[in-house]
Amino acid sequence: MSNPTTQKADAPEQAPPQAKPQVLEEDDEFEDFPVEDWPQEEAEQTNGSKANDGSEHLWEESWDDDDAAEDFSKQLKEELKKVEASA
Amino acid sequence: MGQTPVLDQFLGSLQELVQNRDGAKVQDFLQLEPPLSDIYQRMVSELRHHYAPGFKADTELLQRCEPLVPRSKGGSWTAFPTFVKLYLIFLRDMNTDNLLETYNQLKALLNQCVLALGDSQMGVVVLPTVLYLSKVLAKLAMGLDRRPDLIAHIRRMEGLAAQDESIEKVTLVEKSANVVREAFIKCLTDRTGTPGPTGKPEGKRIGIYLMANLCLKLLFQCGKLRNAEQMFASISAQSPPLAYFPASQRVTYLYYLGRYLFANNLFFPARIALQAAYDQCHRQAISQRRLILSYLIPCNIILGRFPSQALFQRPEAQGLAEHFQPLCRLIVRGDYLAFRQHLFLGSPTAQWFARKGILFTLRNRCETLVWRSFARKVFMYGGSYGGPQAQAQKGPPPVLNLKKLVVAIRWLQTQHASSGNGTANTMAASNLYGSQVVSEPTDLDYARLEGADGRASPATDQEILGKYGDFLAPDGFYTEEGRPQPNLPGQLVDGDPEENYGDYELNPYAYDFDDRTEIDASVMQEIESIFASLITQGLMGGYLLHREPRFAVPGAKIKGILPTGFPNVWQTISARESHDSSVPGWVQPRAPTVVGAAGGGRVINLAGARPVGLQ
Numbered sequence: 001m002s003n004p005t006t007q008k009a010d011a012p013e014q015a016p017p018q019a020k021p022q023v024l025e026e027d028d029e030f031e032d033f034p035v036e037d038w039p040q041e042e043a044e045q046t047n048g049s050k051a052n053d054g055s056e057h058l059w060e061e062s063w064d065d066d067d068a069a070e071d072f073s074k075q076l077k078e079e080l081k082k083v084e085a086s087a
Numbered sequence: 001m002g003q004t005p006v007l008d009q010f011l012g013s014l015q016e017l018v019q020n021r022d023g024a025k026v027q028d029f030l031q032l033e034p035p036l037s038d039i040y041q042r043m044v045s046e047l048r049h050h051y052a053p054g055f056k057a058d059t060e061l062l063q064r065c066e067p068l069v070p071r072s073k074g075g076s077w078t079a080f081p082t083f084v085k086l087y088l089i090f091l092r093d094m095n096t097d098n099l100l101e102t103y104n105q106l107k108a109l110l111n112q113c114v115l116a117l118g119d120s121q122m123g124v125v126v127l128p129t130v131l132y133l134s135k136v137l138a139k140l141a142m143g144l145d146r147r148p149d150l151i152a153h154i155r156r157m158e159g160l161a162a163q164d165e166s167i168e169k170v171t172l173v174e175k176s177a178n179v180v181r182e183a184f185i186k187c188l189t190d191r192t193g194t195p196g197p198t199g200k201p202e203g204k205r206i207g208i209y210l211m212a213n214l215c216l217k218l219l220f221q222c223g224k225l226r227n228a229e230q231m232f233a234s235i236s237a238q239s240p241p242l243a244y245f246p247a248s249q250r251v252t253y254l255y256y257l258g259r260y261l262f263a264n265n266l267f268f269p270a271r272i273a274l275q276a277a278y279d280q281c282h283r284q285a286i287s288q289r290r291l292i293l294s295y296l297i298p299c300n301i302i303l304g305r306f307p308s309q310a311l312f313q314r315p316e317a318q319g320l321a322e323h324f325q326p327l328c329r330l331i332v333r334g335d336y337l338a339f340r341q342h343l344f345l346g347s348p349t350a351q352w353f354a355r356k357g358i359l360f361t362l363r364n365r366c367e368t369l370v371w372r373s374f375a376r377k378v379f380m381y382g383g384s385y386g387g388p389q390a391q392a393q394k395g396p397p398p399v400l401n402l403k404k405l406v407v408a409i410r411w412l413q414t415q416h417a418s419s420g421n422g423t424a425n426t427m428a429a430s431n432l433y434g435s436q437v438v439s440e441p442t443d444l445d446y447a448r449l450e451g452a453d454g455r456a457s458p459a460t461d462q463e464i465l466g467k468y469g470d471f472l473a474p475d476g477f478y479t480e481e482g483r484p485q486p487n488l489p490g491q492l493v494d495g496d497p498e499e500n501y502g503d504y505e506l507n508p509y510a511y512d513f514d515d516r517t518e519i520d521a522s523v524m525q526e527i528e529s530i531f532a533s534l535i536t537q538g539l540m541g542g543y544l545l546h547r548e549p550r551f552a553v554p555g556a557k558i559k560g561i562l563p564t565g566f567p568n569v570w571q572t573i574s575a576r577e578s579h580d581s582s583v584p585g586w587v588q589p590r591a592p593t594v595v596g597a598a599g600g601g602r603v604i605n606l607a608g609a610r611p612v613g614l615q
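Residue numbers (full-length UniProt numbering), protein chains in the order written: chain U, 1 to 87; chain C, 1 to 615.
Looking at chain C on its own, in the form it has when it is part of the complex (with noise of 0.2 Å):
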């Protein structure tokens, strides 16, 4: 004692805060960021003269902290005179140098923190600090997940392998999610006061949604998306309403809330919470703002929905027109081709959307948009519905015969050949096999298969084994009888394969290619399940008739035709979904019930029942 004046002053303050509960202060006086300030310069250097590492010294600063905690409790909140003792030997040894190891000991020290926010009376008084470590270990996780260079040198000194660095770096950032979810289920659980749906926000209560936005931002981060279903899931059971929250913290959940239920294809409540988030964000936070734009203009573009111009010049939105804009001309126009060119991976657009994580769902959920409107002009301009004087009278329905969409599609694929911005799209016209509308790369297993007999490319029976051998010489296979069977290196199991199965069609699309029609057969099969597709989504209202296809559009005479072939998407859409206007993850208030009321709505948890008889 007296040798260190700093530690002692530090210690008393830090008792006195304790005792008055003064969570905000203890947060304030446990600074660890570099660079210090002057004060605790000069504690670190009373740690590294006075206690410099070692058992005996951990043993003697334990000791010096044990007073922290009141007296009355008993010291039954052993947590945070440990975590405090951790906290010291954290300032003592920190090197900048190893960032490594300077995450590893920060996440040991919020681990620490995290038990002591565990404790019923006094947890809460950690609370601030559990959030200011929580965001201090994800600024750290997050930049070394940017920049693996930096701990590089470290893990090649270590001997870790450079192959591992990639599964390493994602898991800095995911476990420092693990423990942040920890500090989550902390608050999320604390029972102080009325907890659960109808409870309001206090005691740890109030970091239910701090911990969950850092948490899932870790999540965002590192891909692991799945992870957070448990979260959404406990607060929709345990969680207070999110209106009571303040505005930073709901606009900021309900934010990565929208982008999980997109991710999730679950568009119509990912609309709702993305576009509650961006209503209630602060209008001069333009970052946020563009931020959550960004993906609630795609999330309204598969509903149907485009941004209007108005949109489009709001300050937060610059910029984003130019990627937005394009697609909703090209599912407006409906050329689908053109539309897959669009979101060629290599594009520059395409990128963009890869980088917000978007391209696949909008490539596939867009698409669909795309043949509404390829097949809404087929029919404006080549169905036939007599006029407007026939619609009056009885008649048969308006019909499109589904031969007017072979050739639009044929005529597509030319102009676009001709206009030679053709990837392999398309060149579908001349698939051998598989679809004659669009084209796919070839697999790579098949890349060798050559010539309209689709036999391999000349190949060695060795250069053939190395490459397929797992698959045609295994080391064991099932029999007819499901039995293992363990087979000779080498031996082919599927038999000689020399045999003749000349009297056999292998080919699963054996066009006769000098048949035409034959190949348009397959095209309208296509066309039919598309508009099959169409019609089940009830994105097109009519009937198809397949002996001689066409696509039929009965009771037109009171909508039109045009509105009942093919109705308003978003209309369609939004009737379907809005029955619930509930959004999984977001805990709304309840409305007032009377209490006591038998029967009256009220929900009964059966779980613990159990049938008659048993025990």
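Excised from the complex, chain U in its bound form (with noise of 0.2 Å):
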């Protein structure tokens, strides 16, 4: 059954190592929201989203890369080059 003096003494003891790797993951956990309910104005960002009508630009949908000096481009862009001119 339990014992609750040598209970009471491992408990610091093993306090410390229970420490760490709570930290780590605490990360990854969804935590309980210390209030259970708010209003939809407190969910909105204030700064910078009201000066633009709240419509911040969060998404870039057009990212293609038609930049023709840049690196990775440029030397793509070489290397096919020499293939048309020895064919």
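Keep in mind the hints are simulated off the structure, nothing from the lab. Any given hint could turn out to be false.
[What the hints assert, rightly or not] Computed list of lysine-lysine pairs in DSS-like fashion (alpha-carbon distance at most 30 Å, straight line): (1) K403/C <-> K77/U; (2) K224/C <-> K175/C; (3) K74/U <-> K557/C; (4) K403/C <-> K557/C; (5) K77/U <-> K25/C.
Could you use the hints to bring the two separately framed chains together as a complex?
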């Protein structure tokens, strides 16, 4: 059965190693919110977003790279030209 | 009586609270997490003194608890006194030296409380208690899951084998999820008031998402996402709209729902759920917002939308750029070998993605986009479309000779090999069989095949039989007619290995390696299939010509050659998917409809209808 005295003595000794892995994994756990409910205004960003009508530009839809001067493109272009010349 | 003043007072007050149906206070009364306050300590010592463990004490305790239930109910709510009895026994016997036992007792206690929750009249009184116990149980199970060493000594004492440990430790969390799911079902199926998707969260239904969220947390922790499927289906069928529940529950639920959909490759609805979770999350809840973002971002990337600088500059996005920005850059660049290298299992980036559970999804889904960028660049710099004047007149459509792709792939492979950052991937050019474009690690079973002729390296027959005996000489096999046939031990079922197959070509990848054209033909096949797949997905616009392999882009005059041949990824996918804005598992408030109007979009359930003439 339980032995309150040894249990008390053991507890602080076990605490430190326990602290470390928990800190590492804390990041991955979706914590409970300290408040139950809030109005939508409190969910919206205050800085910046209001200035642009709340439609801050968060996602880039056009990201295709048309820059022929970029290193990878430049080399690829030269390589393809070489073949054209030799063909 | 009189010897246990604290217990008497405790039961008296509890009875009053039950009579007043004050669920919150009942929960507050049933404390069990150490350290217990002084008054509870005193009650525990009374229990230990007057009700020492044993059958007799248990019966007596139950008798003490029976008056807790209102007389008018005629004792019909018997689950509650039994629950309180278990609670008192739990307090009396709690032994934090044996956390495994504590876990089992706590689970039994919660089980009993869930039974009490099932009562149609009184059940709702214990809803806060069920939630509280579920949280304590979840915390303990997840704690033990992370620190199996805390109960390792108990397992050893109980003689549980070391190899069982991994199975058992997962089961603790899963077992907890199963109990919590029972509570969830009790909440969801409460018939008081107006139930169903048109109803309001009243009675036990206020607990639907509290219990669901806790259950989902546990299921995600133990990696049993499959088990969540039924929950989402039940919610879709029976829950009141999510919008009627408090923000904390909505955000948590949408986060888990989004992750579940993401894990099931349903990226479009996953994005809607995660975006809604992000939009509704309190702006100061940085840790939650960050977790939502770490799934919302990859979801958008897969759908062809990249996070902006503005997003990365938000406080909750701190540190996320270092993981996602290089990935986006590689997709834009189109260097598929660098992409594979980047997400190679050993790399630090890959480890971070793996911990989040998104590595394989990113690898598989983003590689499609990388190939699109690569093809686009080769088309830009190697395609023939005769300049802007030619486009205006009638003429052959712009084309890309796929031989240019072969050149580009060979060039890329040499680049990587010479830069020395070569994993097996860059060595694909010298593959003897399989892909000439990428290279996969050799299957262990084929690891001993050596040499271009693919013959096994020298090994004794004994060695080969020892390793492959179950395949070469099994205990039995099926004949050509499909009848099972026992086999003599050690007898080769496929006949004599020395038989001469010289007249047959047995190697499916039998290239003549002196003939480059043959190898290039195999590269070409791979390129054609990659292009065909991109065209099928709508990520490339045009058609393939096979005899002299080319990719042609017709009808490019209106939008331009590149936008036609390589349409915008996000616009393509969202145009295809957005016709259905509903997200499975997310109950939306119904648009008001005219009740009683004939037809009117009403769905008639024919599940119970029988064909004419049948009984």
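Here is how each hint holds up against the structure:
1. Proposed proximity of K403/C and K77/U is supported: the alpha carbons are some 14 Å apart, at most 30 Å.
2. Of the supplied pair hints, the one linking K224/C and K175/C holds, its CA atoms being roughly 11 Å apart against a limit of 30 Å.
3. Between K74/U and K557/C the alpha-carbon distance is near 27 Å, which keeps this suggested pair within the 30 Å criterion.
4. Distance hint between K403/C and K557/C is fulfilled; the C-alpha atoms sit about 25 Å from each other, no more than 30 Å.
5. For the given pair, K77/U sits about 74 Å from K25/C by alpha-carbon distance, which is inconsistent with the 30 Å threshold.
When each numbered hint is compared with the structure, a violation occurs for hint 5 only.
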